[in-house]
Structures are given as C-alpha cells and as structure tokens.
Amino acid sequence: MQPLAKLLEAALFAASRPLTIDELASLDPAAGEPAVRVALAALRSAYSDEHGVELVEIAGGWQFLTRREYAETIERAQFALRPRRLSPAALETLAIIAYRQPVGRIEVDEIRGVDSGAVMDKLVERGLIEVVTRGEGLGRPLLYGTTPSFLEILGLKDLEDLPRLEELSVALRRPTPVDEPE
Amino acid sequence: MTSPILRDPGNSAFVVELEKFSGPLDLLLHLIREDEVDITDLPIAKIADQFLSVINELGLNQAADYLEMAARLLRIKAQLLLPRRLGDDEWEDPRAELVRRLLEYQQIRELVDWLGHAADVRAERFGRGYEAPPPAERVIALIPEPMLHRVVPRPLDVEGATARLNALLAEREQFGWTDVVGRGATIADVLSAFIALLELAKRSSLTLSQPEPFGPMVITRATPREAA
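So the sequence lines, in the order shown, correspond to chains A and B. Residue numbering for the first sequence follows numbering that gives the first Met the number 0, starting at 0 and increasing by one per position. Residue numbering for the second sequence follows numbering that gives the first Met the number 0, starting at 0 and increasing by one per position.
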C-alpha cells in the first residue's frame, strides 16, 4: 500500500467521526487533494471484502464502519448498541426540515397538523437540526436546517442522497410509460 | 406505525392510544386508506363522522389539534351543503385546502418510511470511538419495546423475584444477571429483580460485584457468618 494510503488509514482509524477530504488532505500538505482521493479509493478497495470493517463515504466525509452482518452478534455481546430508533413524530419533523430548509416552526406545525415545538427541541438537543438563520417575517422567526449528524445517522453522503420528491410522487400517481431511448 | 388498533374494544386496560397517530392528518389518512376512497374526491360527510367517532372512542377529543381538525371537517361539510348559485364562477371546492394538505402529508409519510429504513440500515454499522451508554440504559435496551403503553395498577412483583433469587442462591454459589431475569423480561420484571437483588444484598444474603468496568454483574452467595 502507498505511504499516503497508510497515513489515511491511520487517521481514519484514530478518528471517531467521518473525516472530510479537506481534513485528510491537511495531513500531508505535499500530497494534494487528487492524490488523497486516489489513496482513498485504493484504501476502500483494500477493505472491500477481506475485512470486517469497510471504508464508507458518509456525511460529507469518510469513516471506517463495521459490516452490517456483524451488528447482531456485536450487539448481543453488548460491545456496542444500536442507537435508539427515532419516533415517527421525529422522523416526520426531520423529513419536513430536510426538504424545506431553512424552515420555521410554524411551517412544520402546519404541515404536520400538530404542535412540533417539543419534537424540534429534542432534535436540536440531539444535534440533528440547528438554527441556521432568521426569517424575514413578523418577529423574525428562527429557521432550522439539518446538521451533518443528520446525514450521519442516516448513512447519507449529502442531502442529494435523499429521494427526490418527483420520485416519491410517482408512487402516488399512476406510473407513466417510459420512453425507450432510441 | 399506524397499525389498525382501533378494533379492540374488549381491552379493559387503560391504553394510551394517542401515540398511535402522530396527528390528526395521520388519523385522517388512516381512515381514508381504510375506506379506500379517493383523496382528491373526499367523501367529507362520511370521513367527518368517522373522525369524530374515533376521537371520541380514543379520548383524543381532549387534544386541541384533533379538535381543530374536527371543527374544520364539520365546517367543510356545512359549506358543501350550502346551495350554490348557478354561474357562480367564484366557487371553490371547500375541500381543496384539506386535500392539498393531505397529499402533502402523504408525501411526508412516504419520506418517513424512507428515512426510517435508512436509519435502521445505518444503525447496523458501528464506527470507532463508540461510547457505551450507562449500565442502566444498557439493561433497558435489552427489554423488548412494548407495543402499547399500559398503565398497570399492579405493583412490582418484588416478592416473586426474591423467591426466584433465593431459589437460585440455594442452587448455585454464583450466577449472573441474565440468570435472574432471562431474555424477554419486561420492565416490571427487570425492576422487580433489581429491587430484590438490592434488598438481598442489604440483608447480606448475597454480594454484588462487577469485576471489570461495563462487565456483567456477578451475584455471589454470601458466606454464612458464624452464628452470633
């Protein structure tokens, strides 16, 4: 393995959170970002099947994670526990904020049809959403957006990984025949 | 998530049903799906009646959000009953706003399924730097999640747990926590066993130890003291 790949491997092993390309590139200023990407790709393929962990692109960075098939056994031994599942109310609120951000509490309440203050406070506390700016309207309401932790707990690279709304509404509408290319 | 829990009238235990629905829109969607009616051509009178009877049955009429929706449904129902003047171009279907919100909410529910699945998949992979939750939480994590939240007037069965512990003590000199509660224990079982353990430890019938941090608890029969 290249020295740079080994260096990245060590850093990713030491870190307890995903590291971004920028952070990884700062380890060796002489290397440069393209070389880091090449080394990451090499590292990922080195871990692609012969190992119990794999290198995963997540929340705008890279992280070593255990393979899914070992979850059960590791959890049974209580070496690590799955985080608690989010409640339907929390997921609803997250979905709205993820797609409408920056969005105020009133709009979330309106879409859900219930008061969402308590749920939003909890999500802020868990670091899944945060105040990103203030709105223009009356009282300059706080507007919320999702955080990197939100991407992390869902295993997403970035917000682009979320399903597109058009894709979803296909399920509501009747599927339209797809034109074959050529 | 919204399982058809509505039909269980024989259940006398006080069950908090509020949590079954995340709000009035959720309940409405549930009714619409059950009736297999078209959202865009909502039979308001029928749905409004069902909505009212459900919130009555479940005691949801205490909750403001549900009451507000009930009022809205009744108003739409009334508006639809009013005669329409011929050639009235201004007329707008009073259901339009509600239908728009329901469609939007339905989309959110689809996203909720997607997000929930993504979170479940992610939860099966552990990263480095895992911090173990405090022991109490780890014990609680072993308890299967209850489907319904019951308010049970029954006290904890500490006596039963004490008897079980005494039987174990008579049989074995040393055993672990899992021998006491076993798998699939309920919260009441866990708490009863725990209280019984502490009580027996206080009476010096046994000693509790944890050989290493976060390791399993070891329960040891106390060596009988010389009779005074």
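Any given hint could turn out to be false.
As a list, the in silico DMTMM-like pairs of lysine to aspartate or glutamate whose alpha-carbon atoms are at most 20 Å apart [to be verified]:
#, chain 1, residue 1, chain 2, residue 2
1, A, K156, B, D34
2, A, K156, B, D119
3, B, K45, B, D112
4, B, K76, B, D34
5, A, K156, B, D92
6, A, K121, B, E136
7, A, K121, A, E135
Quick partial rundown of chain B residues pointing at chain A, CB under 7 Å, derived from the structure [claimed, not checked]:
#, residue
8, V111
9, R121
10, R124
11, R127
12, F193
Computed list of chain B residues with no C-beta within reach of chain A, every gap over 10 Å [claimed, not checked]:
#, residue
13, I31
14, E56
15, R108
16, A122
17, A166
Just so you know, the hints here were simulated from the structure itself, not pulled from any lab data. Cβ coordinates follow ideal geometry from the N, Cα and C atoms, glycine included.
Hints, one by one, checked against the model:
Annotation: proposed proximity of K156(A) to D34(B) is violated, straight-line Cα distance about 40 Å (limit 20 Å). Using a Cα cut-off of 20 Å, the hinted pair K156(A) and D119(B) holds, with the two alpha carbons roughly 16 Å apart. Only pairs whose Cα atoms come within 20 Å are accepted, and K45(B) paired with D112(B) is rejected, the gap being roughly 28 Å. With a C-alpha separation of about 18 Å, the suggested pair K76(B) and D34(B) falls inside the 20 Å cut-off, and the hint holds.
Between the alpha carbons of K156(A) and D92(B) the distance comes to roughly 43 Å, so the proposed pair goes past 20 Å and is violated. Proposed proximity of K121(A) and E136(B) is supported: the alpha carbons are some 18 Å apart, at most 20 Å. With a C-alpha separation of about 25 Å, the suggested pairing of K121(A) with E135(A) is violated against the 20 Å cut-off. Among the interface hints, the one on V111(B) holds; its C-beta lies about 4 Å from the nearest C-beta in chain A, closer than the 7 Å criterion.
With its C-beta approaching chain A no nearer than about 3 Å, R121(B) sits inside the 7 Å limit, and its interface hint holds. Hint status for R124(B) relative to chain A: holds, with the closest Cβ pair at about 4 Å, below 7 Å. Nearest Cβ of chain A to the Cβ of R127(B): about 5 Å, under the 7 Å cut. The hint holds. Here the hint on F193(B) is broken, as its CB sits about 17 Å from the closest CB of chain A, past 7 Å.
With a least CB separation of 13 Å from chain A, I31(B) remains clear of the 10 Å interface cut-off, as annotated. No Cβ of chain A comes within 10 Å of the Cβ of E56(B); the nearest lies about 19 Å off, and the non-interface call holds. Not every CB of chain A is more than 10 Å from the CB of R108(B) (nearest about 8 Å), against its label as outside the interface. For A122(B), the non-interface assignment is contradicted: its Cβ lies about 4 Å from the closest Cβ of chain A, within the 10 Å cut-off.
Every beta carbon of chain A lies more than 10 Å from that of A166(B), the smallest distance being close to 26 Å; the non-interface claim holds.
When each numbered hint is compared with the structure, violations occur for hints 1, 3, 5, 7, 12, 15 and 16.
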